[in-house]
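Assemble chain D onto chain C, guided by the hints.
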Amino acid sequence: MAFIPHTSDDIARMLEVIGVRSIEDLFDEIPAALRAGTLSVPSPLSEMEIGRLMTERAATDGRPLNFIGAGAYEHHIPAPVWAIATRGEFYSAYTPYQAEASQGTLQLIYEYQSMMCALTGMEVSNASLYDGASALAEACLMAVRSNRSSTSRRILMPRAVNPTYAQVAQAIAGNQDINFVPVDFDRATGRTLLEALKPYGGQDSAALVLQQPNFFGSLEEVDALTDWAHANKIMLIAVVNPTSLALLKPPALWGSKVDGAQGADIVCGEGQALGVPLASGGPYFGFMATRMQYVRQMPGRIVGRTVDVEGRPGFSLTLQAREQHIRRSKATSNICTNQGLMVTAATIYMSLLGPQGLEAVAQASMQRTADLIAALAQVPGVKRAFTAPHFHEAVLLLDRPPAAVLAALSRRGILGGLDLSERYPELGHALLVCATETKLGVDIESYAAALADVMGASRAAA
Amino acid sequence: MSNNIPGDLKYTKSHEWVRQVQPNGAIEIGITDHAQSALGDLVFVEVPDVGRTLKAGEACAVVESVKAASDVYSPLAGKVIAINDVLASKPELLNEDPYGAGWLFRLETGASANAAALMSASAYETFLAEESK
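Those protein sequence lines, which keep their order, are chains C and D.
Counting in our numbering, the first sequence runs from 12 upward without gaps.
Counting in our numbering, the second sequence runs from 780 upward without gaps.
One should not assume that every hint holds.
Cross-link-like lysine to aspartate or glutamate pairs, in silico, DMTMM-like; alpha carbons within 20 Å at most [to be verified]:
#	chain 1	residue 1	chain 2	residue 2
1	C	Lys-341	D	Asp-850
2	D	Lys-846	C	Asp-319
3	D	Lys-846	C	Glu-334
Chain C residues, not near chain D, derived (Cβ > 10 Å throughout) [to be verified]:
#	residue
4	Val-52
5	Arg-63
6	Ala-110
7	Asn-186
8	Ala-207
9	Pro-261
10	Pro-412
Source of the hints: derived by calculation from the structure; they are not laboratory data.
Backbone N, C-alpha and C fix where the C-beta goes; we use that ideal spot for every residue, glycine too.
Excised from the complex, chain C in its bound form:
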């Protein structure tokens, strides 16, 4: 049955009122060549059939040993996380439209927001955004709205920020008259240096984006860069990895205290590392937190704790005057999609691990990456690209194009890292590698042995 509530009489009457002959005529604006025509969609499958098809397709991925990070990280997810997240009470992708009727969902989001504030050190978090890249685009739009010292709509975007994020920010915010200015990185350290920012001192910019650790895994000198931004009346947008915050200084404490204010003005990032599986690229979730002074410019839903008429505690959506159902075209966001289910998993993940557990994950990931880099750098023809300290990711330089090496490793069941040579040709044969707590000593040894073998074999063949 078709789920269309209108009868053919209804449709005929509506067409008559607007003076159109048929529904098809409404699409006259679109040239015929651009129409989809008949969609080639297979007929429906039974549960058994679809299960079999998906199992077959999943098997084609194999079970590779994965050393790719670059924004999505393979962490161990304790079994209770998804056992609880997929309970009927939670298993819905959206914040409910009659929000206050779902006190359990609102409480969970409130707990999530509280945990994100604890991790980032910020005063207020929203209920999540679509993903890390679009969260950065939203943060850029928010900074332009919030920075009252700036009229420029200019954002300083270091090249050491994840290039996919920069591309998404350009696609979303670039069409809203926001001008992104690239800032180069230091070839020796892989960091964004103060010297590279100096030419923009004394000029009007709305915000500086700073990713910590940056795309190359290098730790930026966040204190000096934050102070530079604030001295130039530029807001600081921090893009952070939530796992790393168990070890690193929270963005709220970056830089020095000036006039009672300190640290990043807006913090955003990708939340996938907190209990969400890689799943070939999604669904993930973005997070965003800020200071109370900017909360009215923040996009996304916010849950608050309150009391009912009898004084009993409860939860409600708050500061809704920012949102589309009230502010219409002046709403603070046009992407309010809340990744409710992913946030549920993240909240359960963080609750199960606690601060000590998350610190152990971060500590182990950092150690395994240090072990990985040490092992791989011993392979002839492989060396570290940058000298700056790293968290759980780093760039290696090979003596030949990474593509063929990665293809050979892949045939041995190893995903050896991300080839950076197209995005950053000036780095040469650069490869971004990552190890989390999921990679044991034997995994690292087998990667190093396979790499030595692959590179030695092709050297012998040459």
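Okay, now just chain D, sitting in the frame of chain C:
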């Protein structure tokens, strides 16, 4: 619904009031009793920065209640010379005393400001009656 319209003020169709504070062109601006009553209990007021130059009809302030938010438009062109700081911590003043303690900002209007475009109290009263039909 509350609907006090003092006779000594001028009004706009977007429900701002204008008070002449000095003969040399400084004016005080707020929202009318009708507007505050329609919005309900206000929880946040954002006023323009001092020194900002406004065009007539430019959106320059925001008044927000629990479930509505509305822009305030500058009735005339001019430069912001004072703002009501107290509203940041006491937005309820706008509900309690819209024509007094709830004023929003003061403008220094130039010679070009077209005050004739504003409505008298009786014209605003007629306008409200028309609007509610």
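The hints, checked one at a time:
1. C:Lys-341 <-> D:Asp-850: 10 Å, holds
2. D:Lys-846 <-> C:Asp-319: 17 Å, holds
3. D:Lys-846 <-> C:Glu-334: Answer holds: D:Lys-846 to C:Glu-334 is near 10 Å, not above 20 Å.
4. Val-52: Given that every Cβ of chain D is farther than 10 Å from that of C:Val-52, nearest at about 42 Å, it holds.
5. Arg-63: The claim holds: C:Arg-63 sits with its nearest Cβ about 50 Å from chain D, beyond 10 Å.
6. Ala-110: Holds: least Cβ distance 13 Å, greater than 10 Å.
7. Asn-186: 22 Å, holds
8. Ala-207: At about 31 Å from chain D, C:Ala-207 clears the 10 Å cut-off, so the statement holds.
9. Pro-261: C:Pro-261 clear of chain D: closest Cβ-Cβ about 28 Å, beyond 10 Å.
10. Pro-412: Its Cβ never comes within 10 Å of chain D, the nearest being 55 Å, so this holds.
In summary, the structure agrees with every hint in the numbered list given earlier.
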